[in-house]
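**Student:** Given next are the chains, with one letter for each unit.
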Amino acid sequence: MNIEPRLPHNRKSPNIDSTDIAPEQIAGLLTRSAEQLDRKTVEALRRARHVALNRQTVRAQAFTLDGRHGVHWQLPHTPRQWAATALLLAVIAGSTGYWQHLRRHEMMTHLDVAILTDDMPLEVFIDHISE
Amino acid sequence: MKPSIAAFALLCIIYFSPAIAAPQPWHALTPMQQQALAPMVPQWAGLSEEQQRSLLSVASHYPDLSPEEKQRFLSRLSAWSKLTPEQRQAAREKYRAFSQIPGDKQEQVRQIVKEEQAKKAP
Numbered sequence: 001m002n003i004e005p006r007l008p009h010n011r012k013s014p015n016i017d018s019t020d021i022a023p024e025q026i027a028g029l030l031t032r033s034a035e036q037l038d039r040k041t042v043e044a045l046r047r048a049r050h051v052a053l054n055r056q057t058v059r060a061q062a063f064t065l066d067g068r069h070g071v072h073w074q075l076p077h078t079p080r081q082w083a084a085t086a087l088l089l090a091v092i093a094g095s096t097g098y099w100q101h102l103r104r105h106e107m108m109t110h111l112d113v114a115i116l117t118d119d120m121p122l123e124v125f126i127d128h129i130s131e
Numbered sequence: 001m002k003p004s005i006a007a008f009a010l011l012c013i014i015y016f017s018p019a020i021a022a023p024q025p026w027h028a029l030t031p032m033q034q035q036a037l038a039p040m041v042p043q044w045a046g047l048s049e050e051q052q053r054s055l056l057s058v059a060s061h062y063p064d065l066s067p068e069e070k071q072r073f074l075s076r077l078s079a080w081s082k083l084t085p086e087q088r089q090a091a092r093e094k095y096r097a098f099s100q101i102p103g104d105k106q107e108q109v110r111q112i113v114k115e116e117q118a119k120k121a122p
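Chains A and B, in that order, give the protein sequences. Under this note's numbering, the first sequence has 21 at position 21, and the numbering climbs by one with no breaks. Under this note's numbering, the second sequence has 119 at position 119, and the numbering climbs by one with no breaks.
FYI, nobody ran anything at the bench for these hints, they're computed from the structure.
Ranges between beta-carbon positions, derived for each pair:
| id | chain 1 | residue 1 | chain 2 | residue 2 | range |
| --- | --- | --- | --- | --- | --- |
| 1 | B | Gln117 | A | Glu106 | 24 to 34 Å |
| 2 | A | Ser95 | B | Thr84 | 30 to 40 Å |
| 3 | B | Ala28 | A | Thr78 | 44 to 54 Å |
| 4 | B | Pro102 | A | Gly97 | 31 to 41 Å |
No residue lacks a Cβ here, since even glycine has one placed at the ideal position from N, Cα and C.
Put together the whole structure using the sequences plus the hints.
**Tutor:** Okay, structure coming up:
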């Protein structure tokens, strides 16, 4: 099975530096070479391609961030992925809520101390004191 | 996923623990807390856990106060604790609004209040 391209007489030999040949020329040479193959070889190549395609395993999509072509989200597919996502969101929401609660409490304490120690009397800030 | 579940459970415990904690007896407080909350001794056992927690937070700032501020703090604490949560919140809002006005205006208001108090004093 000889698939070496048969160059026209006015072209350089195949041993020339590949960088001298433009990609379009290479594609053209390959096409011409393929056209010159005998039927038996073409059929063998077709079968080999078919077998190779059948052997190729298609992997399930994973829940990932693909950074190669810009960041984009892929939705989770399995219940396990949905559960993990829900758990992650719950943890984020819980943490945010807890942090806000702490911050609110801290601010409230700060104000309470300020009211209790300011030289302005307490009555100024309170409408009705029971005592 | 087990570590995530454990982390979530821990978060829930931390988040909800203040709500399920029991009130603290007076003798369980530190000497510093007892000193800061001394005016509250009679009422302490009857306070809810939330009220106790709020007072303990306020008391944690007591060591940083000047002697004059400590005196004011102790004299006002009992009256402050008897206010309803709504009254306390309204007081905080008023104080916040007051603290946001320019310093010179604040001084004018303080001066007027002092004069009014002096008139009322026997």
